[in-house]
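Colleague: The lines below spell out each chain.
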Amino acid sequence: MSNVPAELKYTKTHEWVRAESDGTVTVGITEHAQDLLGDMVFVELPEVGRVLKSDQDCAVVESVKAASDVYAPLAGEITAVNDAVVDSPELVNKSPYGDGWLFRMKPANAADLAGLLDAAGYAAVVAEDSH
Amino acid sequence: MPFIPHTEDDVQAMLAAIGADSIEALFDEIPAELLAKGLPNVPPGMSEMAVARLMHQRAAQDGMPLCFIGAGAYEHHIPAAVWEIASRGEFYSAYTPYQAEASQGTLQVLYEYQTMIASLTGMDASNASLYDGASGLAEAVLMAVRANRKSKSKRVLMPATVHPIYRKVVQAIVRNQGIELVELDYSGSGNIEPEYLKRYAGEDYAALVIPQPNFFGVLEEVDALTDWAHANHALAIGLVNPTAMAVLTPPGQWGGKGADIAVGEGQPLGAPLSSGGPYFGFITCKQEHVRQMPGRIIGRTVDLDGKVGYTLTLQAREQHIRRAKATSNICSNQGLMVTAATIYMALVGAEGLARVAHACHANTRALVERLTQIDCVEQVFCSPYFHEVVLRINQPVAEVLRALAVQDILGGYDLSADYPELGNAILVCATETRTAEDIERYAQNLERILSRRKDGPICTKLRPKEGTL
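Quick note, the sequences are listed as chains A and B, same order.
Using this note's numbering, read the first sequence as starting at 1 and increasing by one per residue.
Using this note's numbering, read the second sequence as starting at 1 and increasing by one per residue.
Please keep in mind that the hints were generated in silico from the structure rather than gathered at the bench.
The structure presented is a predicted model; accordingly, all values stated were derived computationally and were not measured.
Where is the CB? At the ideal position from N, CA and C, for every residue including glycine.
Do not rely on the hints blindly, as some may be mistaken.
To be verified - Just some of the chain A residues that point at chain B, by a computed CB distance under 7 Å:
# : residue
1 : F42
2 : A66
3 : A67
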């Protein structure tokens, strides 16, 4: 079973979301997702300042065998992107919850965060998928 | 059940299993207005014998004329071994195989092809081919708009010195993607005047297309044009003739940084003219843009035992994986043409290709010198050229070309429809396959035809046309 940190929020599409103290959220893909995709070779990130709707596709993670869209977990504006993963896509494999984060966004409505899955909910989604 | 065809019994058995009464009932979900109402432009089916006869008749219409037409398709000598090898059963398919890794021979050919094309163009990476040169240029334009992060615009500078058919194809492919092609006029020298680009400076363009040689056969000032593009945050797309690349500076070395993308028609590398196809396109790019390149790249690796293997390395953006978000409409490729090109390049080698290129230039030079000795025939652009030149005569081109064709001489490409401002202009070409006798035969027939046409205007030496600058 993949690592699903209890302090994060999740989406059914395998993004994780961490609330930061400055009111922004950090977004990445889960350990389970990077495991499914395999060795990452390319990451395409959104532009800072881009305003997104919830569930809108905004980034691409590409492995040797597949390219997957990454979706905005919440509506909001992109405030930062992790340029380190553009140069070293393998960070997403090595440290999906750490150095392999993808982007930060300022949610349009902070309350939306509560609507995301918690760790147990996400673990159930993963368990369901693997059946 | 056999793979094909479905007999009426097969169809009935399948319908019974599904529980439908008829084919119409099976498809009744499809709205009637979406169903094709027959294909009126497609003739009815024919027997194999009738098709074979029709094809022989059509092939015979081509005859064995003496060809001085280039204009994007070139008659070159093809060593006999090229198609002896390319048409072996193992290679004889226009597709890369679907169980790709099981077809190491095909993958290795494509890998060698990529290596040779990248080397010929001086670029970092090549894909495993596109449909043809024109659609290749369209893919290069789409790729440049995706890849250029410094430009917000979807405007691309497209010179009038690019093949007119290529421009039409690019327009047809990109127009529904919000991309605007801005036409660049040519100078009195028949090429893009770098000074002229100043009026576009400071505007936002995603890319500049740079043909080398251009459609008139004239060499463009590729270094200045590439540097201009980069100074203005546009990508430089080189559109090149592969034979010419054996003797000219390849796009990878143009200007200070080199072109970003290079593309072209691969037909001169071992594919016969064959009435216009099949040909193939090549596309290459710098490493930094490789993720935006359409199509597939074959890579070389080693397996767990250290044995060399070839594999589809870049394919995650293709249709079978990215579906609607695939970055190109290139799925299958022109694998057989590419196989022939690989064998051609391997046989002639870099030195051989340079000899071919030098012979093309020398023969074209001899052709131009001989033809311009005729009264009323003049060279339109006094600029350096590779193996094509624009000539002007004092009579309607179509009629003169028709008269030459009666003598089994294809005298060139009539420019009057695409470039009416040039007057009675013909684009002529002599590749390494033309001999001194061929050139003399053309010249004598042209001279006779021009002097015999007494109804034409009085024959005086024309003055060069003023430039459009």
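Colleague: If a hint holds in the structure, say so; if it does not, say that too.
Modeller: Outcome of the hint check:
Below 7 Å, beta-carbon pairs count as interface contacts, and A/F42 has one with chain B at about 5 Å; its hint therefore holds. Given hint, A/A66 at the interface with chain B, holds; its Cβ is 6 Å from that chain's nearest Cβ, closer than 7 Å. Annotation: A/A67 was flagged as interfacial toward chain B, and the flag holds, the nearest CB pair being 4 Å apart, inside 7 Å.
Checked against the numbered hints given earlier, the structure satisfies every one of them.
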